[in-house]
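There are 2 protein chains.
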Amino acid sequence: MKTVQLTMLREGIEEVRKVPRGTNLLEALQGFDDFDFDAPCGGKGTCGKCRVLVDGEVSAPEPQEKRFLSSLTLEKGERLACMITLQGDCVVSPLFNSSGAAIVSDHAVYEGTVDPPFQAVRIEYAPPSLDDQRSNTVRVSESLTRALEQDEQYRSVKLPLHLLNRLSGLVSDTGSSLTLSLLDGFPWAVLPRDAGPGYGVAVDIGTTTVVAYLVHLGSGKVGGIVSGLNLQKSWGGDVISRVQAVIDSGPGPQQRAIAGQLSRMLYRLVEEADILWEDLRGVSIAGNTVMMHLFAGIDPRTIAAAPFIPAFTEMRIESSALLLPRLPLTIPLILLPSISGFIGADIVAGMLATGIREQNKPAMLIDIGTNGEIVLGDRRRIVACSTAAGPAFEGATISCGLGGIPGAINRVFLSPAEEMKWTTIADDLPLGICGSGIIDLMALLVRTGLVDETGRLLPPDELPGDVPEDLRARVREEGFFIARRRDGHDLLFTAKDVREVQLAKAAVAAGIEVLLEEYGIGPEEISRVHLAGGFGSFIDIESAVATGLLPGALTERIVPAGNTAGAGALRVLLSARDFKHVQELAGQVDYVELSGSMSFQEKYVEQMFFSQH
Amino acid sequence: MKTVQLTMLREGIEEVRKVPRGTNLLEALQGFDDFDFDAPCGGKGTCGKCRVLVDGEVSAPEPQEKRFLSSLTLEKGERLACMITLQGDCVVSPLFNSSGAAIVSDHAVYEGTVDPPFQAVRIEYAPPSLDDQRSNTVRVSESLTRALEQDEQYRSVKLPLHLLNRLSGLVSDTGSSLTLSLLDGFPWAVLPRDAGPGYGVAVDIGTTTVVAYLVHLGSGKVGGIVSGLNLQKSWGGDVISRVQAVIDSGPGPQQRAIAGQLSRMLYRLVEEADILWEDLRGVSIAGNTVMMHLFAGIDPRTIAAAPFIPAFTEMRIESSALLLPRLPLTIPLILLPSISGFIGADIVAGMLATGIREQNKPAMLIDIGTNGEIVLGDRRRIVACSTAAGPAFEGATISCGLGGIPGAINRVFLSPAEEMKWTTIADDLPLGICGSGIIDLMALLVRTGLVDETGRLLPPDELPGDVPEDLRARVREEGFFIARRRDGHDLLFTAKDVREVQLAKAAVAAGIEVLLEEYGIGPEEISRVHLAGGFGSFIDIESAVATGLLPGALTERIVPAGNTAGAGALRVLLSARDFKHVQELAGQVDYVELSGSMSFQEKYVEQMFFSQH
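Chain order of the listed sequences is A and L. Oh and the first sequence: position 402 is 402 in my numbering, straight run, nothing missing. Oh and the second sequence: position 152 is 765 in my numbering, straight run, nothing missing.
It cannot be assumed that every hint is accurate.
[Stated by the list, open to error] A short list of chain A residues far from chain L (calculated; beta carbon distances all over 12 Å): (1) K18; (2) P20; (3) I240; (4) T423; (5) T448.
[What the hints assert, rightly or not] Pairwise CB distance ranges (calculated): (6) A/D194 x L/K689: 55 to 63 Å; (7) L/G968 x A/E142: 24 to 32 Å; (8) A/E556 x L/D744: 33 to 41 Å; (9) A/R122 x L/G782: 43 to 51 Å; (10) L/Y880 x A/G252: 16 to 24 Å; (11) L/R1099 x A/K18: 40 to 48 Å.
Quick caveat, the hints were computed from the structure, so don't treat them as lab data. Note that CB positions come from ideal geometry on N, CA and C, so glycine has one too.
All chains should be built: construct the whole structure from the sequences, respecting the hints.
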């Protein structure tokens, strides 16, 4: 097998790998550590995002590449990584730097009573002597068993291997007592004599972004936040592409990617807060069901096809030694439970965070990302469904769509002079349009009649007479002109883009109606609608109502809820009660499967229409 | 920090490492994978065994090296690796090839009823559908819990992470039933529909040698044996040196060495028997307490100093994912229990193998290796002790001593013509003398009066008149001439060597007496003495009695028992009853601590004398 040398140039740093000749460049790049790279279509050549500058022996440009790159650009060596096979040594520079994304990492604050599920149990034992040579495990676990004996379920306590080294030193040095940190009746750490309550880390693994919060287990205060785009993005921007990548090459590569990323995030949190690793008691993790599978290294493919069965949904406490082997210590990882393949631990965490199951009046939680998950209920009953909103609102299926990164158009509105204006994230020159901008733009097109009731983007010659002049001037045969991109290309919103948004908004709106019907109430009986996640924080609610994504009757009661997945993961670390409740929640939620539901199908078709106000 | 390049030449293969300048050569060599190298003194420059041919910039010869190497040899570049610090790039060839050792790996045959502790549990469940979207874990573990519910202790069964991938595929493909392999109520594997009883591997990790037996769990037949010298030997030949190495640099390096070695042994067993990895149900492991600690990666230092406390003695079932991460599957590793810091899992396994605890009349198990462990008892009561026999019988503290490798003198006797004769292992030219040869030689020296009652090696001018001429000619001021070594050096048995044997034999003999006293019987009441291990298999029993190592009254009842540690580890795989019994054994044995025992001290001094017959 011939190998070729691949050199990656990133921020002035050169890294080299040897790969077999004929390797796909995108796959070869995935082998670099900390590879930070966008390929939302998962390597099919349809998104045009994995642009690289390449110098060396590679395959000739494919027809797909010409859709995204001019012949001049191609001549300069700009290519799509996913379309290239390596023929000889070459040097590659990624052209797309995705750092600095707008990630929702605030709002994850806990205001309840701080009473973490980690138990510090002090035990006493006879010191070792020539007359009492019992091993340290026997000595300590007998005392621990005594200390816990009131609790039926923990009758026999086994000390894990990773504790034994620490235990041995302590038993020999300090004599006759020590303190163990337990989670769920299982000992995880030997605490030093002067140990404080310690710290935990709550993690939200989103399909797009990963956020980790360091929290002090005494005060409940968040002492550090790190976030970044999920490095699994190089296997595709949406869950379906990621599942396809597992079918192609197993769950290992994506597990290692997210495990490496999370390990580095933990490292940064510990370093920046200047705490000791030994003070870290545990990590709680929320994410959608596929993300939970990928983090655990479990093949999620059965979720992707009917009857949509996840491998696991229960809460799992796993050792970091297995899932984050690069950490310098062994701690418990609390994998929050999911409800179904499409209602994941992120939504379960969101239910905790918004307190839905403790309310007397029904409230709603809506999380629109790659899917649109909707939960409705109160302390009596909860129903939930998931709609295939598609990644339109994350920009992935929109021709000029982008995630929430600097340069993404995030607001679109008509000025008093009836001219269309826009803003971008970080006031950068425009690169594309992100979810909140897409909703604004759709609302504008619907309100002004440029998109008709059926979702047709009207051609120039069919425009109504009252369309403002600035808008009229933007309508072209190929689409609606939004802005000039920083490289001089025109950003156009096409008929296909309108169609994508239309399908997505209809799915969400129909899902909301099905849940209301299932619950037997009208929208007026809902006390509050929590809009979760980045989308919920950034969109303009009036625009969302104008497009028909959210029911108009609820406008006043819709509130952005921030990162509810992260906030819920925090609660599990800070409240023994929530730690227990979260395991019961799954059994209390009725999941409504929309696939194959006639009622949903009918409502979906109805909601395809836009209503002009 | 400057680094230097170290090239190791082994069997024609060159391997290169970069190490900091100033690194000790022995330590640098320990960093090579599969490093197979003897350093029984642990790098103190006192055994002279780690000889290498070195070419490059290294430190000048130390005085210790001149004790083992002539100035001519030193000039040729022959050195002791442990005495060298690296000053610049160099090339090193090990001079001592230790393959082909005489390792006792027979006798490990099981003759009882085959009824392994691995349970195959077939469970039925409703197939997944859109109306029943429970996760695979919930689906399977509910059924499993039902299947096991008669058994109180296994009320709640948790499926381990490594099973989920396999489970998901099977649940989707095969519908409504599957078979799980359980050990101790815990599921470890999903079995294919046509799975047979499978295989297990029993391992004996000796301080010197490691032996692994592949056994068919249906027939109980051993289908493959691999063995080798314990690669931890490069950290020292005896347990004390190995413990010291942990104090210096932690348990990690030695854990990785033995884990790598065991992984490769398993690989060879699986390959040579042409079975599937999936057919491997589990591995049972016996070894002395320090070896068990090192395999588990646990610091054994508290065993080495009073009050001699082990970190753990209980039986542990650990996942291969943690301890043998290079295996291609996750299986249970059964770490057999120990009794104390000096009565390890090897002796516990030996008790199983010899059936001591099931006999009506007391029997004795003696295992003389680095320590001399002695067990005495029957089904009513068992007592045990460990004597610091020292590694004399393994050749380590004897100036011309060797392990049982080709070229080691293994028999010494007087011919009818009253000339001293010897044989070597594999009939090779002589290299040194091993345990059985040492005992023979000592017996000869004592019988012929060349060593007097007090253990003094008589000088030429004090020899009794009746010493055979050939022996008389061998007596020199520096010691007793045994043979000419293959490199032309003389092999001499020195006064210090006699002293080492004297100390060791006194310790074992006194230990036997203490146990008899403790048990309240005389030697005549013992039904059988099982001599375990390599030493027990190879020594001449009459020589052992002649030196006073074993009581003369027992001569007729002493039988070599072979590798009882391996045989006991096999039993645990083949008999659910023994799997259970082995966990109870530890509680049934009274360990007699000899350190600080007045009675032992008295007997030890008495046994220092040799009795001429």
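Consistency of the hints with the structure:
The beta carbon of A/K18 is kept farther than 12 Å from every beta carbon of chain L, the shortest such distance being approximately 17 Å. The claim that A/P20 is not at the interface with chain L holds, since no C-beta of that chain comes within 12 Å of its own (minimum 22 Å). Here A/I240 stays apart from chain L, with its beta-carbon at least about 17 Å from theirs, past the 12 Å limit. Residue placement check: A/T423 keeps its beta carbon more than 12 Å from all beta carbons of chain L (closest about 43 Å).
A/T448, annotated as away from the interface, keeps every beta carbon of chain L farther than 12 Å; the closest lies near 42 Å. Separation of A/D194 from L/K689 is about 59 Å and conforms to the stated range, judged on CB atoms against 55 to 63 Å. At about 30 Å, the CB distance of L/G968 to A/E142 agrees with the hint of 24 to 32 Å. A hinted range of 33 to 41 Å for the beta carbons of A/E556 and L/D744 is consistent with their spacing of about 38 Å.
A/R122 and L/G782 have their C-beta atoms about 46 Å apart, which keeps the hinted 43 to 51 Å range intact. Between L/Y880 and A/G252, the C-beta spacing of about 20 Å keeps the proposed range 16 to 24 Å intact. Checked against the given bound of 40 to 48 Å, the beta carbons of L/R1099 and A/K18, roughly 46 Å apart, stay inside it.
Checked against the numbered hints given earlier, the structure satisfies every one of them.
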